[in-house]
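> Take any residue in the sequence shown, note its place counting from 1, add 9, and you have its number in the numbering used here.
No lab work stands behind these hints: they were computed from the structure.
Even glycine gets a Cβ: it sits at the ideal position worked out from N, Cα and C.
Check each hint, because a few of them may be wrong.
[What the hints assert, rightly or not] Calculated cross-link-like contacts (lysine-lysine; reagent style DSSO-like; alpha-carbon spacing at most 27 Å): (1) Lys585 with Lys646; (2) Lys416 with Lys349; (3) Lys37 with Lys710; (4) Lys243 with Lys344; (5) Lys650 with Lys613; (6) Lys598 with Lys488; (7) Lys646 with Lys684; (8) Lys684 with Lys638; (9) Lys585 with Lys551; (10) Lys639 with Lys551; (11) Lys144 with Lys749; (12) Lys745 with Lys691; (13) Lys706 with Lys691; (14) Lys716 with Lys684; (15) Lys638 with Lys716; (16) Lys488 with Lys37; (17) Lys662 with Lys601; (18) Lys601 with Lys613; (19) Lys639 with Lys684.
[Claimed, not checked] If you anchor each label on the Cβ, the simulated ranges turn out as follows: (20) Trp39 with Trp560: 37 to 47 Å; (21) Val252 with Lys745: 23 to 33 Å; (22) Ser637 with Pro278: 21 to 31 Å.
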Amino acid sequence: MKYLRRNNLLLLKTMNEESNKSPFLISKNWQVIAILLIVSVVGFYQVFFYLNPTKWDMIDVFLPWKHHVATCLQSGHLPIWNPYLYLGSPINADPSSGAWYPTTWIIGYFKGYSVFTIGLELWLHVFLAGVGFYKLSKTLGLSMFFALLAGVCYMLSGLFIGNAQHLPYIISACWLPFVMHYFLRIIYHNQWRDVILGALVLFLSITGGYPAFTIILFYLLLIFFSYYLIKKEKRKGSIQQLVAKNTVMVILALLCSAAMITSFYQVYPYLNRTASFSIESALFSPFSPQSFISLVYPYATAVRINYFDSDLAMRNGYFGLIAFFLFLIGMFRKKPTNIKIIFWFGIFSLAASVGRYLPVREFLFDYVPLMNVFRFPSVFRLFFIIAGILVGLHYLQSIVEDENRSKRPLFIFGLVSFLALAITFHIALNHEAFNLYGYFKENLFSPSASLDFWKNIAVQGIFQLCVIISFLIILWKVKRKVLFQFLLLLLVTFDMVVATQLNAASTVYSHEWSGAESDAIIKDLPQGFLLPEDITILESEKKAWLPQQFWRNTGVLTRKVVSTGFNSFNLTRYEKLQNERILFYNELKNNKLLLLSDTLLSGKTFSADSAYSSEYLFLNQNDYNELSKKAMSHSGKDTAKLVDFGSFFFTAKTITKEPQMLTLFQQNYPGWTVKVNGVETKIITSNENFISIYLPKGVNKVFFEYKNKLVSIAFWIAVMTLLIMATYLLIDFRNKRINKE
10 MKYLRRNNLL LLKTMNEESN KSPFLISKNW QVIAILLIVS VVGFYQVFFY
60 LNPTKWDMID VFLPWKHHVA TCLQSGHLPI WNPYLYLGSP INADPSSGAW
110 YPTTWIIGYF KGYSVFTIGL ELWLHVFLAG VGFYKLSKTL GLSMFFALLA
160 GVCYMLSGLF IGNAQHLPYI ISACWLPFVM HYFLRIIYHN QWRDVILGAL
210 VLFLSITGGY PAFTIILFYL LLIFFSYYLI KKEKRKGSIQ QLVAKNTVMV
260 ILALLCSAAM ITSFYQVYPY LNRTASFSIE SALFSPFSPQ SFISLVYPYA
310 TAVRINYFDS DLAMRNGYFG LIAFFLFLIG MFRKKPTNIK IIFWFGIFSL
360 AASVGRYLPV REFLFDYVPL MNVFRFPSVF RLFFIIAGIL VGLHYLQSIV
410 EDENRSKRPL FIFGLVSFLA LAITFHIALN HEAFNLYGYF KENLFSPSAS
460 LDFWKNIAVQ GIFQLCVIIS FLIILWKVKR KVLFQFLLLL LVTFDMVVAT
510 QLNAASTVYS HEWSGAESDA IIKDLPQGFL LPEDITILES EKKAWLPQQF
560 WRNTGVLTRK VVSTGFNSFN LTRYEKLQNE RILFYNELKN NKLLLLSDTL
610 LSGKTFSADS AYSSEYLFLN QNDYNELSKK AMSHSGKDTA KLVDFGSFFF
660 TAKTITKEPQ MLTLFQQNYP GWTVKVNGVE TKIITSNENF ISIYLPKGVN
710 KVFFEYKNKL VSIAFWIAVM TLLIMATYLL IDFRNKRINK E
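Using the sequences and the accompanying hints, generate a full structural model.
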C-alpha cells in the first residue's frame with residue numbers, strides 16, 4: 010500500500026512537472042538550420058535551381074573577376090595579376106575581386122566559376138547570414154524560436170534583396186552577425202575558442218566583404234568594448250583578460266588577412282580615389298527619406314523613377330511588416346543593455362544613411378577616422394535593420410512569454426496599423442484608376458516598363474493587410490504554444506518570401522534569360538591562358554564582345570587583352586590616360602600587344618589631348634635624356650611576336666636589324682621584371698603607364714614577368730596562421746568530446 014502511494018505521488022509529481030513545461034515547436038539547432046535552409050531556398054529559388062542568372066554586377070563584374078581568380082588557382086599559381094582588363098592590373102589588390110577570400114578559392118579551385126556557381130555563392134551567403142543572425146539573437150537573449158524568426162527576417166531583409174548584385178555587400182552582411190556573436194561570447198564566457206572563431210569570421214569579412222561594413226562594425230564593437238570595460242554586467246574575467254583576448258582576436262584576423270592587407274598597402278599610392286575622395290562621393294545614393302516607404306512597401310521601390318533620389322539597389326530597408334510593427338512599439342519599452350546599445354546605434358545609423366538630408370554622414374566624413382573612404386550612405390541601413398529586428402522580436406518575446414503582461418498595446422497598435430494600411434490601399438487604388446487584377450496578373454514578379462509607384466503599393470497592400478490581420482488573429486485566438494509558434498513562423502516566412510519575390514526580378518535575378526542559356530554563352534569559351542592572337546588591341550576588343558547579360562569585363566571570359574573594363578578600382582595613371590588623353594589613348598589601341606618603336610619624346614611635351622602617332626613613346630625626363638643619346642632605328646621588317654603567355658608573364662621573340670625600344674602594353678606596376686636572353690634589363694615606363702625596354706639588335710628572347718615576393722610571404726603567413734588556428738580548434742573539440750565521455 011505504501012509502495013502504491015509512493016508511486017502515485019511520484020506519478021502525480023511527474024505529471025505536474027510535464028504540465029508546467031512549455032511545449033516548443035523546435036528544440037534542436039539542426040531543426041533551426043533546416044528551416045533557414047528551406048526558407049532561403051524558397052526565397053531565392055530562381056537562383057538556387059538555376060532558373061535565371063543573377064543580375065547586373067553579379068554577372069558582368071564579380072563573375073569575370075572570380076573566373077580569373079579560379080583560372081589562376083587551377084593553373085597552380087596565386088591570383089596576383091589580371092592581364093586582360095585595363096591592359097593589365099593587380100587583381101590581388103582589388104578588395105572586391107575576392108582574390109584572397111577562402112570561398113572564392115574553394116569554389117574556384119574545385120568547380121570553377123560559372124553563371125550557376127556565382128548564383129550559388131550568393132544563395133550560400135544569404136543562408137549563412139540567417140544562421141549567423143540566429144546565433145547572435147540567442148546570444149542577445151532571444152529564445153530559440155524568436156531567434157529563428159530573427160534569422161528569417163534578416164536573411165531576406167532589404168539589403169540582401171536590394172543589394173543582391175553587390176556580392177561584397179552580401180558577404181559583409183553574412184559574416185557581420187557572426188563577428189558580433191563571438192565578440193559578445195568572449196565577454197560572456199572568456200574562452201579562447203571564441204577568440205579563434207571570432208578571428209576567423211572577421212578574416213572572412215575583411216577578405217570577402219565591402220570595407221564600409223567592417224569600419225562601421227568596428228565602432229559598434231568599440232562601444233560595447235568601452236561599456237564592458239566600465240561595467241562588469243555579464244562580463245566573465247578581468248579587464249586585462251578582456252583586453253588581451255580582443256587584441257589577440259584582431260591580430261589573428263589581420264594575420265589571416267595579411268596577403269590582402271599587403272596587396273592593398275602596395276597599391277594605395279597608385280589609386281586616384283584615395284587622394285580625391287570627396288564629400289559629394291560619400292553622400293551619393295543614400296537611403297533617402299523617400300525610401301522609408303520600403304519599411305512597409307518594399308515593392309514600391311522597384312519602380313525606376315527619380316523620386317527616391319537613390320539607386321534602385323539602395324532603397325530597400327524592409328525587415329518584415331510584423332518585425333517593423335513590433336519595433337515601433339518596442340522602441341519605447343524597456344530593453345536589455347546590449348539591445349539598447351544596438352538600438353541607439355541603429356537609430357544613429359539610420360540618420361547617417363539618409364546622406365545629405367541630415368548632417369550626420371557629413372560629420373562622420375569630416376571628423377571620424379576611416380569614415381571618409383567609402384561611398385553610399387545607404388550601407389548604414391543594415392545596422393538599422395539589425396536593430397529593428399532585435400528590438401521588435403525581443404518585445405514580442407517579452408509579451409508572449411510573460412503571461413502577466415497585457416497584450417492590449419499590441420492589439421491597439423495593430424488595429425491602428427490595419428486602418429493605416431487600409432487607407433493607404435484605398436488611396437493607391439484611387440490615385441490612378443486601373444484594373445488591379447490585370448496589373449497583378451501582368452506585372453507580378455516581373456519588372457516590366459509599366460510598373461507604377463502607387464500600383465505597386467496597391468498590389469503589396471493586399472498582402473500586407475492579410476499579414477497584419479492574420480497576426481492579430483493569431484495573437485487573439487491561438488493559445489496553444491506550439492500552434493502559436495507554427496502559425497507565427499509560417500506568417501513571418503510568408504511575409505518575407507512574398508516581399509523578396511516581388512522585388513527579386515528587379516534586383517536579384519534577370520527574368521529575361523534562363524540560367525541555362527546564359528551559361529551556354531560562356532561555357533564553350535577558351536579556358537586557361539591561351540596565347541593572345543597577333544592582332545591589334547582594338548581588334549581584340551571587338552572579339553571580346555558577348556551578349557547583353559555579359560556586356561562588361563568580357564575580356565576576362567573571352568581571354569582577350571583589352572584596354573577597357575568596369576571597376577571603381579583603377580590606377581591613377583591609367584585613368585589619366587583614358588580621361589585626359591583620349592585621342593592618344595584611342596590611337597594606342599591600333600597597336601598590337603608588342604610594339605617596336607624608335608620615336609622617343611620627352612614627357613614635358615605630352616599635352617592633355619593631342620592626336621599623336623600610336624608609335625610615340627613619351628618618357629620621363631631622366632629616361633629621355635639617357636635613351637635619346639643611343640642610336641635607334643626601326644624598319645618594317647623588324648618583328649616582335651609572343652611565343653608564350655600566362656597570367657603573370659609574357660615571352661616574346663624579336664628579330665631586329667638595329668637597336669630600338671620594345672613596349673609591352675601592360676601597366677608597369679611594382680613587381681614587373683624583364684630579362685633579355687636571360688639577363689635582367691631596366692624597365693622604362695612609357696606614356697606614363699606601359700612597360701618598355703631598350704632592345705639590342707638581332708634575335709632576342711624577352712621574358713616579362715610579374716612577381717610579388719612580399720605578397721607571397723604574406724600569403725604564407727596567413728596560411729600558417731590559419732593552420733595554427735585550425736589545429737587549436739581541433740584539439741579543443743577533441744578535449745571537449747573526451748570530457749563528455
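> Now tell me, hint by hint, if it's right for this structure.
To see whether the hints hold, each was checked on the structure:
no.	hint	result
1	Lys585 with Lys646	violated (34 Å)
2	Lys416 with Lys349	holds (22 Å)
3	Lys37 with Lys710	violated (66 Å)
4	Lys243 with Lys344	holds (15 Å)
5	Lys650 with Lys613	violated (31 Å)
6	Lys598 with Lys488	violated (74 Å)
7	Lys646 with Lys684	holds (23 Å)
8	Lys684 with Lys638	holds (22 Å)
9	Lys585 with Lys551	holds (23 Å)
10	Lys639 with Lys551	violated (38 Å)
11	Lys144 with Lys749	holds (23 Å)
12	Lys745 with Lys691	violated (60 Å)
13	Lys706 with Lys691	holds (16 Å)
14	Lys716 with Lys684	holds (13 Å)
15	Lys638 with Lys716	violated (31 Å)
16	Lys488 with Lys37	holds (23 Å)
17	Lys662 with Lys601	holds (14 Å)
18	Lys601 with Lys613	holds (26 Å)
19	Lys639 with Lys684	holds (20 Å)
20	Trp39 with Trp560: 37 to 47 Å	holds (43 Å)
21	Val252 with Lys745: 23 to 33 Å	holds (26 Å)
22	Ser637 with Pro278: 21 to 31 Å	holds (29 Å)
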